[in-house]
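**Q** Below are the chains, spelled out letter by letter.
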Amino acid sequence: MGYTLSEKILARASGAEHVRAGDIIWVNVDKAMMDDVLGPKLEIDDCLKKLGVPVWDPDKVVLISDHYTPPANAMQANFVKFTRDWAKEYGVKKYYEFAGPCHQVMVENGHIKPGDVAVGTDSHTCTYGALAAFSTGVGSTEMAGVLATGQTWMKVPQTVRAVWSGALPKGVMAKDISLRTIKEIGHAGATYKTLEYAGEAIDTMIMDERFCLTNMAVEAGAKAGLIGYDDETARYMAQFGVTERFDDMRSDDDAEFERVLTFDAGTLVPQVACPHGVDNVCDIAELGEVRIDQAYIGSCTGGRYSDLKAAADLLRGKHIAPDRRLLVSPASRDIYNRCLKDGTLAVLADAGATILASCCGACLGVHSGDLADGEVCVSTTNRNFLGRMGSKQSKVYLASPLAAAASAVAGRIVDPREMM
Amino acid sequence: MAYGKVWKYGDNINTDIISPPASLEYPIKEAARFTMQAVDPDFASQFRPGDVFVAEHNLGSGSSRENAPLMLRELGVKIVVAKDYARIFYRNCINVGVIPIECADTSKISKGDMIEVDYANGLIRNQTTGETYVCSKMPPHIEAIIDAGGLIPYIQNVRLKKK
Numbered sequence: 001m002g003y004t005l006s007e008k009i010l011a012r013a014s015g016a017e018h019v020r021a022g023d024i025i026w027v028n029v030d031k032a033m034m035d036d037v038l039g040p041k042l043e044i045d046d047c048l049k050k051l052g053v054p055v056w057d058p059d060k061v062v063l064i065s066d067h068y069t070p071p072a073n074a075m076q077a078n079f080v081k082f083t084r085d086w087a088k089e090y091g092v093k094k095y096y097e098f099a100g101p102c103h104q105v106m107v108e109n110g111h112i113k114p115g116d117v118a119v120g121t122d123s124h125t126c127t128y129g130a131l132a133a134f135s136t137g138v139g140s141t142e143m144a145g146v147l148a149t150g151q152t153w154m155k156v157p158q159t160v161r162a163v164w165s166g167a168l169p170k171g172v173m174a175k176d177i178s179l180r181t182i183k184e185i186g187h188a189g190a191t192y193k194t195l196e197y198a199g200e201a202i203d204t205m206i207m208d209e210r211f212c213l214t215n216m217a218v219e220a221g222a223k224a225g226l227i228g229y230d231d232e233t234a235r236y237m238a239q240f241g242v243t244e245r246f247d248d249m250r251s252d253d254d255a256e257f258e259r260v261l262t263f264d265a266g267t268l269v270p271q272v273a274c275p276h277g278v279d280n281v282c283d284i285a286e287l288g289e290v291r292i293d294q295a296y297i298g299s300c301t302g303g304r305y306s307d308l309k310a311a312a313d314l315l316r317g318k319h320i321a322p323d324r325r326l327l328v329s330p331a332s333r334d335i336y337n338r339c340l341k342d343g344t345l346a347v348l349a350d351a352g353a354t355i356l357a358s359c360c361g362a363c364l365g366v367h368s369g370d371l372a373d374g375e376v377c378v379s380t381t382n383r384n385f386l387g388r389m390g391s392k393q394s395k396v397y398l399a400s401p402l403a404a405a406a407s408a409v410a411g412r413i414v415d416p417r418e419m420m
Numbered sequence: 001m002a003y004g005k006v007w008k009y010g011d012n013i014n015t016d017i018i019s020p021p022a023s024l025e026y027p028i029k030e031a032a033r034f035t036m037q038a039v040d041p042d043f044a045s046q047f048r049p050g051d052v053f054v055a056e057h058n059l060g061s062g063s064s065r066e067n068a069p070l071m072l073r074e075l076g077v078k079i080v081v082a083k084d085y086a087r088i089f090y091r092n093c094i095n096v097g098v099i100p101i102e103c104a105d106t107s108k109i110s111k112g113d114m115i116e117v118d119y120a121n122g123l124i125r126n127q128t129t130g131e132t133y134v135c136s137k138m139p140p141h142i143e144a145i146i147d148a149g150g151l152i153p154y155i156q157n158v159r160l161k162k163k
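Here the protein sequences come in this chain order: A and B.
So for the first sequence, the working numbering puts the first residue at 1; every next one is plus one.
So for the second sequence, the working numbering puts the first residue at 1; every next one is plus one.
In short, the hints are calculated from the structure, not lab data.
Treat the hints with care, as some may be off.
Some, not all, of what chain A presents toward chain B, calculated at C-beta under 10 Å [to be verified]:
{"hint": "1", "residue": "His67"}
{"hint": "2", "residue": "Gln76"}
{"hint": "3", "residue": "Phe79"}
{"hint": "4", "residue": "Asp122"}
{"hint": "5", "residue": "Ser123"}
{"hint": "6", "residue": "Thr125"}
{"hint": "7", "residue": "Tyr192"}
{"hint": "8", "residue": "Val218"}
{"hint": "9", "residue": "His319"}
{"hint": "10", "residue": "Met389"}
Covered stretches of chain A, going by a simulated chain B footprint (3 or more residues, C-beta under 8 Å) [said to hold, decoys possible]:
{"hint": "11", "stretch": "46 to 53"}
{"hint": "12", "stretch": "99 to 107"}
{"hint": "13", "stretch": "364 to 371"}
{"hint": "14", "stretch": "377 to 387"}
{"hint": "15", "stretch": "400 to 410"}
None of the values given here were measured: they were computed from a predicted structure.
Glycine included, every Cβ here is placed at the ideal spot set by N, Cα and C.
Given the sequences, and given the hints that come with them, work out the whole structure.
**A** Set out below in structure tokens:
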């Protein structure tokens, strides 16, 4: 009997030769990530002072002010200042601010490598699983424990495998695969488990698209989202000078999966998650007339280079509908600069988009694009919970960057293939 | 053992509902007034310490924000009962000393019922309806953390001493 990727990574991290799903183990953490809103200022600093210990290994800690940058008010500014000062006090040199949503900053700066165990104070920490690393979100007190000891306890999860065969048709994106998978599993169907993506459609995806899949694993309740190591992982890691191969960082063919779900990418059409649940998904074509006020392209889910490029290609020579707004927040400052230099931002701006700083702001309704009572937004982000992006009387629909761009032009939620 | 009046909610009470975006900027003491605002504006002002928070499926889904159990704790929530939980919220509850109990029958429990949660023996007695339900006991590795008084004292007294 072979092992799943989760079992392989967690065995190494716990110092055991083998572990199996269900085992309760203590693991050594390779990377601990904190943001501003749920970072040191919330409990962590208090807990560490109470314990009276230093950070176990400051080189394994990354601190990123992203939710409250740029700050909308003095209270948010105080979070950022606290985070910045704390990094200095505890000798954490890997500190970023105004650099974009933490998960993109983590992966594009080479802080994660295949086989790592990473924890972060944000539920979308599962993003790094696209690099064949086991990563998961933790609360602040748990993070304080990790900072004090370098360890945390885990129950080795079972694995739900989503196998996508075939090739995605034009106009259909990784986000559509993510939403369709979550529809099938349900918002709690993978609770305590790993959601692992595999199959031809995943094999041919670039890393940008893979991050969109693992990022949303938690929306099915999963502890981790994983994709096995392959040449694309190697290509991505090479930009950080990592030439070592990690060919064993894949689930064995004869590993035991809790469930294997099969899908055909070739027949997938653009999807949309309706208010107020991420698994409340249908084909856009089935949606009926939904007028929008705002379209949002951004976040650690849907603001990467390939997302902005796809949106710009669709919007070239078009303009958003009257009385609508299109907000674009590139998922990192590096992506922002790349899009600035190659003209992508100019195409978006010419189409009527408002280009925002790289940040988490509107995705969780804390600044830069909150919704008013009764407003409707189509968004490339990851959650559409009641009140998520502002007023509890607003509505959020989740869709791909192409769908968000096309909807901004139409003024209502549309299948982007109508405009391509 | 806990005995108190029930505040009852349904499925998918997520972290954006328990601790809405606007609450995150405030210290927990001040943030507590926002707790559950979108679905129950009376909750924060009328929940009394000792009352019991009961929900159905997937309690605490969404964010890793520990604000959710911290705000509940601030209002006097010592124990929560649900059919099942989102993973991070479940761990966060234990780590901050709020006891998460699983019970498959929470749809039989209504707002205002008086219930006794005997988590040592895995039983909930509904004094209002006369019914008894089976509930979870804590697995030993989690009991060790709760017995120590939460994760930080556990680390202090057990994990750091081992080193």
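**Q** Holds or violated: A:Tyr192 as interface residue toward chain B, Cβ cutoff 10 Å?
**A** Since the shortest Cβ distance to chain B is 6 Å, the answer is holds.
**Q** Given A:His67 as an interface hint, is its Cβ closer than 10 Å to any Cβ of chain B?
**A** It holds, given that the least Cβ distance between A:His67 and chain B is near 8 Å, below 10 Å.
**Q** Are there three or more residues in the stretch 99 to 107 of chain A whose C-beta lies closer than 8 Å to some C-beta of chain B?
**A** Not satisfied, violated; 0 residues make the cut.
**Q** Taking the least C-beta to C-beta distance, is A:Phe79 closer than 10 Å to chain B?
**A** Because about 7 Å separates A:Phe79 from the closest Cβ in chain B, which is inside the 10 Å limit, the hint holds.
**Q** Do three or more residues from the stretch 364 to 371 of chain A put their C-beta atoms closer than 8 Å to C-beta atoms of chain B?
**A** Since three or more residues must qualify, the claim that chain B covers the stretch 364 to 371 of chain A holds, with 3 doing so at under 8 Å.
**Q** Given A:Asp122 as an interface hint, is its Cβ closer than 10 Å to any Cβ of chain B?
**A** The hint holds - A:Asp122 has a Cβ within 10 Å of chain B, the shortest such distance being about 6 Å.
**Q** Quick check on the hint: A:Val218 CB to chain B CB, less than 10 Å?
**A** 8 Å, holds
**Q** Going by Cβ atoms only, is A:Met389 closer than 10 Å to chain B?
**A** 8 Å, holds
**Q** Let's test the interface hint: is any C-beta of chain B closer than 10 Å to that of A:Thr125?
**A** Interface hint status for A:Thr125: holds (8 Å vs cutoff 10 Å).
**Q** Quick check: do three or more residues in the stretch 377 to 387 of chain A have a beta carbon closer than 8 Å to a beta carbon of chain B?
**A** It holds, with 4 qualifying residues against the three required.
**Q** Taking 8 Å as the C-beta cutoff, is the stated coverage of the stretch 46 to 53 of chain A by chain B satisfied by three or more residues?
**A** holds (count 4)
**Q** At a threshold of 10 Å, is the proposed contact between A:Ser123 and chain B supported by beta-carbon distances?
**A** A:Ser123 check passes; min Cβ-Cβ to chain B is 4 Å, inside 10 Å.
The structure is inconsistent with the numbered hints 9, 12, 15, although it conforms to all the rest.
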